[in-house]
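> Residues per chain, in single letters:
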Amino acid sequence: MTQDPWIERLRSEEPDRSDAIEELRVILERGLSRSLNVRYGVPFQIEDIVQDSLLRIMNALDSFEGRSQFVTWAMTIATRVGISALRRKYRKEVSLDVLDTDDNLRMEFQDKHRLGPSDILGQREVIQKLNDLIDQELTARQRVAMRFLLEGIAVDEAAHRMQSNRNAVYKLVHDARMKLRHGLEREGFTIEHIQTIFAEGATCP
Amino acid sequence: MPLTAPQFTSLIQMIATAEPDDIGCEECFGQVAEFAEMQLSQQGVPEGMRAIERHLQQCPCCRDEYHALLEGMRAIRE
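Just so you know, the sequences run in chain order A and B. Residue 57 is where the first sequence starts when you use this note's numbering, and the numbers rise one by one after that. Residue 708 is where the second sequence starts when you use this note's numbering, and the numbers rise one by one after that.
No lab work stands behind these hints, which were simulated from the structure alone. Cβ coordinates follow ideal geometry from the N, Cα and C atoms, glycine included. Hints may contain errors.
To be verified - For each label pair, taking beta carbons as the anchor points, the in silico distance ranges come out as:
hint : chain 1 : residue 1 : chain 2 : residue 2 : range
1    : B       : P727      : A       : S89       : 37 to 43 Å
2    : B       : E754      : A       : S89       : 31 to 37 Å
3    : B       : R757      : A       : Q125      : 37 to 43 Å
Claimed, not checked - Covered stretches of chain B (in silico footprint by chain A; criterion: 3 or more residues with CB under 8 Å from a CB of chain A, positions within the stretch not fixed):
hint : stretch
4    : 711-717
5    : 751-758
Put together the whole structure using the sequences plus the hints.
Pasting the structure below:
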């Protein structure tokens, strides 16, 4: 914990404490009004978001380490509070029929876009290996999380649908990516080689 | 249901850019204020902050919040 002047004022006796809170409230409102309006452009109660942010900030004062200015740290919290609130409020009902299959959410690759009959670059072999790795090494939740992201679903939304949290879903996906990478490398495929054969314009004739 | 060609390309990118020392959303959140100040003062990214930069490239939610933070901080500093 650091002895930043803001921390001292926010922990001081009244009326100094209320003055500091009011000063911070004005700063947060100015910052959030700009950033949230730019992102969402929809009517929302900025006062409610700022109030929630202030509560979160006051509860988190002990965790401020002084690695940034206090106001930047406070805005980081307020930004997450604001965006999370608006994401919840304007959450789109995304159709995910793609997940309503009975194939254990196995990913399949539509190779007709890329593979010619000769497959001189060996793309088909890599795709087959990837399919095997997905089947054999990824858990069902890893496959679901990966599929959400590939469908363009935000991590927050994926976490909501999976009754999890953002950090856990991100970790699921990260671990899945590492399993696939290591699996391909074990089979002798280098990442550089895979990127090359699937690069734009590398389609077989 | 098969992946489309763009989805497949994204999958390849996700695999190719995976690193064992990638950080998660909460670790990123804990350091992003410091990272944002460096960005706002146009300093380069130090080696110790590369993981934050990589996470922001990989995670759309954290990236969205980071850009909003920069936007908000610019408004505060005006």
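> A separate judgement is required for each hint: does it hold in the structure or not?
Tested hints:
no., hint, verdict
1, P727(B) - S89(A): 37 to 43 Å, "holds (41 Å)"
2, E754(B) - S89(A): 31 to 37 Å, "holds (36 Å)"
3, R757(B) - Q125(A): 37 to 43 Å, "violated (22 Å)"
4, 711-717, "holds (count 6)"
5, 751-758, "violated (count 0)"
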